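For the sequence shown, the working numbering assigns the number 876 to the initial residue and increments by one for each residue that follows.
Everything labelled a hint here was simulated from the structure, so no lab data went into it.
Note that this is a predicted model, so its numbers are computed, not measured.
Certain hints may be false.
Claimed, not checked - Straight-line Cα separation of at most 30 Å, BS3-like style, residue types lysine-lysine; simulated pairs:
id : residue 1 : residue 2
1  : K974      : K946
2  : K946      : K902
3  : K946      : K981
4  : K974      : K902
5  : K981      : K902
6  : K1019     : K1032
7  : K974      : K1023
8  : K1019     : K974
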Amino acid sequence: MTTTRLKGEEEVDDAIVYYISGYVVYKFEKHTVCLLCLEDISSAGPVVGSDAYLTTYRIFKEGCMKHPTAKMLRVMRVVNDVVSATLDEAGACENIFWKVLEELEKCSIARLGCSDHVSAFTCQIFNFVIVTRMHFFCRDFNHKLESKEKVAVANKKARLL
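Using the sequences and the accompanying hints, generate a full structural model.
Printed below as a string of structure tokens:
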């Protein structure tokens, strides 16, 4: 499942993963009560300077975008790579969520959260990230299908003329 990427692509992917990680932290800060769990995923400032520019650039309202911890960032990089590779391989199918989870089980990923909530908290984060990624994958897939249908209709009309 490894793919060869250019250095520029890796930098872009790292910036995107940093931004997504910050978004996950922002969403979980709203609903998570345990401060130890939040400390495990959120950082007061940028962890990696070059990846943080996107988060700083995208602040629409003060305090909306958050910085992840180094641990959260490592976990999100692995999850992002696994989800991307699985979606590229499997495409759109009914069991895609379970295929992603099976691939994640094969990886040794650090768990997130305090010792009391580690399993549930990690599962909640994985669920949120996978569902969010699949939402955008399905939206793009449907957009491509609509474009193909429009081209097919236009070709059919052109043949009739």
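Now for the hints, and whether the structure bears them out:
no.	hint	verdict
1	K974 to K946	24 Å, holds
2	K946 to K902	17 Å, holds
3	K946 to K981	19 Å, holds
4	K974 to K902	25 Å, holds
5	K981 to K902	27 Å, holds
6	K1019 to K1032	20 Å, holds
7	K974 to K1023	27 Å, holds
8	K1019 to K974	23 Å, holds
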